[in-house]
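With the sequences and hints as input, model every part of the structure.
Chains as they are written, first to last, in this note's numbering: chain C, 87 to 986; chain U, 82 to 196.
I should point out that these hints are in silico values taken from the structure, not numbers from a laboratory.
Every residue gets a Cβ at the ideal spot worked out from N, C-alpha and C, and that includes glycine.
Among the clues, some could well be false.
[Claimed, not checked] Just a few of them, taken from the derived set where beta-carbon distance is under 7 Å, the chain C residues facing chain U:
#	residue
1	E114
2	F117
3	E143
4	F144
5	V150
6	D153
7	L154
8	I157
9	R160
10	V161
[Claimed, not checked] Over 10 Å on every C-beta distance to chain U, these chain C residues come out as not near it, computed from the model:
#	residue
11	D173
12	R219
13	H237
14	L317
15	S340
16	F379
17	P425
18	G498
19	L504
20	S656
21	T671
22	P837
23	R858
24	S881
25	T982
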Amino acid sequence: MPYPHTTPAWRRYLRLIRSPIARDVDDELRFHFQSRIEELTALGAAPGDARRRAEEEFGDINQVRSDLMSIDHRVAAQRHRREDFSDTLADVRYAFRSLRRSPGLAAGVILLLALGIGANAAMFTFLDTVFLRMPAGVVDPGGIRRLWRYHQFSTEAQFWPGFSYAQYDAVRTALGDRARTALYTAPWKVKIGLGESSGEAQFVKAEAGFFALTGARAEIGRLYDSTEDRLDGPQRVAVVSHDYWRRALNGDRSAIGKPIVIAGSRYTVIGVMREPFVGVDLDAADIWIPLAFEAEGRRENGPWWKSPNINGFQILVRPAPTANDAQLEQRMTAVLRRPDFGWYSDTLSVARFGSIVRAAGPGKQEQEVQIGIRLAGVALIVLLIACANVVNLLLGRAVQRQREIAVRLALGISRSRLVRLLFAETSLLALAASGAALLVAYLAGNLLRRLLLPEVHWASSPLDGRVVGFALGVAVVAAIIAGLIPALQSARADVNDVLKSRSSGGGREGSRVRSTLLVSQAALSALLLCGAGLFVRSLSNVRHIDIGFDTQRIITATVSYDDHARSSDSTFPARLGELASRISTIPGVRHVALSSARPMYSISWLTFFTETDSSRRGFSPTWTAVSSGYFDASGVRLLRGEDFPKTRGGPHAVVVNDAMAKLAWPGRPAIGACMRFGKRTEPCYRVIGVVENSRERSVIEDASPMYYLPLNDLPPEARGWTANYVMLSTDPRSAASVVGSVRGLIRQAFPGGIPSIVRLSDYLEPEYRPWRLGATLFSAFGLLALVVAVVGIYSTTSYSVQQRVQEFAVRIALGARLADVVQLVVAEGTRVVAIGVVLGVGLAIVAGKLVASLLYGISPSDPATALGVAAILFVAGIAAAMFPAWRAARVDPAATLKTD
Amino acid sequence: MATDSLDLLQGTLDVLVLRALSWGPMHGYAVARFINRGSDGTFKVLDGALYTSLHRMEERGWIESEWGNSETGKRAKFYRLTTVGRRAVRSETTNWNDYVAAVARVLAATPEPAR
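Encoded structure:
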């Protein structure tokens, strides 16, 4: 192969001498004057005259000299650039040619890097959209803060961004003119239109001031103002996003002024938001309506804006340029500790500003996002493994080419040029890989979004300039890491040694680097497999949690109307009761009961007193209104006492769960104890039964105190609560047919109503998602790592077998048996795996702390998982070494020894 | 010196230098001799301007230079036309001839009667 053209050496040397340009110019001019003076002298002029005349003819010597020098400097720079470019071009051409001769290697390297880089780019996209990207279309988003408060919840203390209107009002007053504020609710999915075939959209309820604070503007029509956004009488007006307008309203300008039905109520579209504003949350908003509609349909005593129960509002603050964040936080903390905020008051409350990007705030991350962060680390490890493997492949190639390189060195190529040449090869590979990686990133980015945050309504594509930049950046770094080691190693080779030695064997140093790389690959694979094992076992543990309810058997059914008035109809509960008795006749239905709330949805509290307790209680139990037979239907077992009687008229009764019995009446029997609701003077409700604990909100939580009141005998404090759900239990096998029959019955009994029939197991499925996700993704990455590592062991072992063919031939000729040779080769592969496993498991125990909070019922240093991983890797390692070992044992000694 | 007169001079000089080099590689002094002898003293070119022209055209890529030995055995810088330069000789010469012919036509013309 011809070696690429380079610049003649003398030009390179000329460049090195100090200012050759000045010397050249002077030489040239000196020659001119000498020639002219000689000519004039020859014509008979006196030497002095001749010189004077020559200078006159020339003009301003100093000016010309400096002109020439500056021109020549430019010429030299031009030439320099051109030479560099042509050298680089030659390098690339050479690299391309030499890669085309080994397409397998090129494909392998590109695939490995594409997977590694693609996985990282996808993770980067995910983290970028969740944590880094500011909401689009917001004016100076960096100047807006999201307000959080530290609060002691029933389960734990944490930062939370939800506030009641009263708290907002107090905060706003405390801030005064030191900051501008706005209140809104986070985007929420809502039904648009009427009937069962209606659409969905993400809607936000916001103060008119929300638009001014964020700088949102109308593209068509207008935004609502404070006269339409009154707390006591909001106008039914709606603003839609540009995207929603185009998507659902066909981009029709005449949509302005037309009605839109949101959650069963009719609103008028008054404006289309200017692109690209879609709110300030990760979840893109489609529709904005005035704030006060948040209270619609809520039963409150007194004005809603005084109620502590409506408390899901988010507060945005834009501090004045002169304001000090810490001082503002202190002021707000002081007002939040005021005692008049109902049961939300808290003497330990702390107000804290966070970024407008909610995920970056001080609050707890969603579990899926936490998994995402860990996965980013995992993706990085996969890239490291891929790089290690690529280095190994390239090293193998470099060793094969040692003779070729030695010849080049002997012919006079400089070592730095050689490194550049080899580096061009890896860069070319990395570039191709980053192209492939972008494809991987796009597919994986979409997949990750769907898996990690499926509810989020994404506003932007997963790929953008930053991701492309990221992929290219990673590719360059990967090229440097993966290309430099082999390049440096081959450039260091001693020409004489290589050319003199007859074999084309790799140096001892090369094989040391390669086995180090193999060990680290095995170690990293062990680490990832340990992680996968822990997540898989967590998932299985979570699946086996007894949540109290019989998830496989329970079905809940209810009816809703587009028109609010009809579901708040006073005859509704009675008709629901009739429906329940009809449902009980469906074959396959075992138990039927009524309740005020769906299981794990009882987010309601009442003020109550027992004989002994003071007003400050360390626990706040939730309650549910149920009919007789509820415990049979739900599968929540009665531990002591009895269920509510079927008929009313007996003494007032209440049923509590075990956790409540222990907290409220410690050391005493709960049965027979008295609870009074609302006031101390109210009649006594006697505890008639204690049931097992069931989950209050999520699958994983400590047992929470709960109690149940009979639907047909509710205390005045609980007025307004009625039966909303029919709950039935059925044989899981006949569940599908039962759902169909129930739907038919509802259509008969509630014409115009929209049935909603949910199996508890389906309803709970999202609860298991984070664990399933962790298990799936960690396993996928773990397997990928394992495959890559096995391929590495295999290729390295085959390579070393190939190198040592003569040695094996001699051994066999001297009487080594097949088993001896196989053992010899396999032992080497196993040694690498053994060291790797020990290191990897050690790493896993250390790194386990990072994922401990995402695991359930298993310690990060679980010995069974570590042993399992070790076993898997050993088997895989031995299998990978077995094939080359077999080949080594089948060497024909006579043929091999004769060839050399 | 005013800029536009320099430009005119420079352009003219370039044509002359290119023409000189079209006879073969020459060093700067030979180019000067060629031009001064050819003009027969009709106009005087400063030798300094000539060297500036040579270096500028090298920058433009019309000519390239190399050190060599002169007739008298001294080290001298020789200039040679490049492929681009040879093309430039043709087009610059044509331009110059067109220019001269146009000037000549104007000088020979009589005014047309105004309508």
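Find the nearest Cβ of chain U to the Cβ of D173/C and say whether that gap is larger than 10 Å.
Holds: least Cβ distance 20 Å, greater than 10 Å.
Close enough to count: is the Cβ of F144/C nearer than 7 Å to one in chain U?
Holds, because the Cβ-Cβ distance from F144/C to chain U comes to roughly 4 Å (cut-off 7 Å).
Exclusion check [R219/C not at the chain U interface, CB over 10 Å]
holds (49 Å)
Restraint check, 7 Å cut-off on beta carbons, for E143/C near chain U:
This interface hint holds because 5 Å falls under the 7 Å limit.
Could you check if D153/C really has its C-beta closer than 7 Å to a C-beta on chain U?
holds (5 Å)
Determine whether the non-interface label on S881/C survives the test: each CB of chain U must be over 10 Å from its CB.
S881/C is indeed farther than 10 Å from all Cβ atoms of chain U, at 51 Å.
With 10 Å as the threshold, tell me whether L317/C passes as away from chain U on beta-carbon distances.
holds (76 Å)
Would the least Cβ to Cβ distance between T671/C and chain U come out above 10 Å?
holds (99 Å)
Given as non-interface: T982/C, which should sit over 10 Å from chain U by C-beta:
T982/C clear of chain U: closest Cβ-Cβ about 58 Å, beyond 10 Å.
Hinted contact I157/C with chain U - closest CB pair below 7 Å:
holds (4 Å)
Taking the minimum C-beta separation from S340/C to chain U, is that value above 10 Å?
At roughly 64 Å from the nearest Cβ of chain U, S340/C sits farther out than 10 Å, so the non-interface label holds.
Interface hint status, V150/C versus chain U (Cβ within 7 Å)
holds (4 Å)
When each numbered hint is compared with the structure, no violation occurs for any of them.
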